[in-house]
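Q: Sequence:
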Amino acid sequence: MLKIVFTGDAPQAIGPYSQAICANGMVFTSGQIGLTPKGDLVVGIENQTRQVLNNLQAVLKEANSGLSKVIKTTIFLSDMEYFARVNQIYAEFFGEHKPARSTVAVKTLPKDALVEIECIALVE
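Just so you know, the sequence shown maps onto residues 18 to 141 in my numbering.
Worth flagging that the hints you see were computed from the coordinates, not collected in a lab. Keep in mind the model is a prediction, meaning the values are calculated, not measured. Treat the hints loosely; a few may be bogus.
Unchecked claim - Just the calculated beta-carbon pair ranges, DEER-fashion:
1. L19 - I88: 14 to 22 Å
2. G25 - D96: 26 to 34 Å
3. K55 - K78: 16 to 24 Å
4. A40 - P116: 13 to 21 Å
Every residue gets a Cβ at the ideal spot worked out from N, C-alpha and C, and that includes glycine.
Model the full structure from these sequences, guided by the hints.
A: This is the structure in structure tokens:
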């Protein structure tokens with residue numbers, strides 16, 4: 018059975034998709050960009066990365082999961098020059114937990130965001 022996940026503590030989807038879907042004991046999040054829950058894009062790669070990870074935490078919490086349950090993340094960067102700075106903030110959030118991860122450079126992201134992250138996690 019599929020369960021749609023929605024929380025007001027993360028921005029609403031900006032297209033025809035859910036914040037996340039739970040299925041078979043896992044949660045699959047849609048990509049989060051650096052929008053506040055009110056829909057404002059924060060400025061700068063560090064601030065956007067923090068906002069993205071805060072958004073993911075909120076969505077995961079609503080799905081009865083959390084960053085410590087993340088199995089895999091995918092990071093999309095508008096410029097690979099941001100890689101080291103994103104890694105630093107990512108490590109602050111994940112600590113010793115190191116999920117599998119891919120990082121992909123893309124030409125552009127929605128709303129001209131600098132970073133987008135999606136994840137797959139276990140549900141408690």
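Q: All hints are to be evaluated individually against the structure, with a verdict given for each.
A: Going down the list of hints, with the structure as the test:
1. L19 and I88 have their C-beta atoms about 18 Å apart, which keeps the hinted 14 to 22 Å range intact.
2. For G25 and D96, the Cβ-Cβ distance of about 31 Å falls inside the hinted range of 26 to 34 Å, so the restraint holds.
3. Against the hinted window of 16 to 24 Å, the Cβ-Cβ separation of K55 and K78 comes to about 19 Å, which satisfies the hint.
4. Range check, A40 to P116: Cβ separation about 18 Å, and the 13 to 21 Å hint holds.
Of the numbered hints given earlier, the model fails none.
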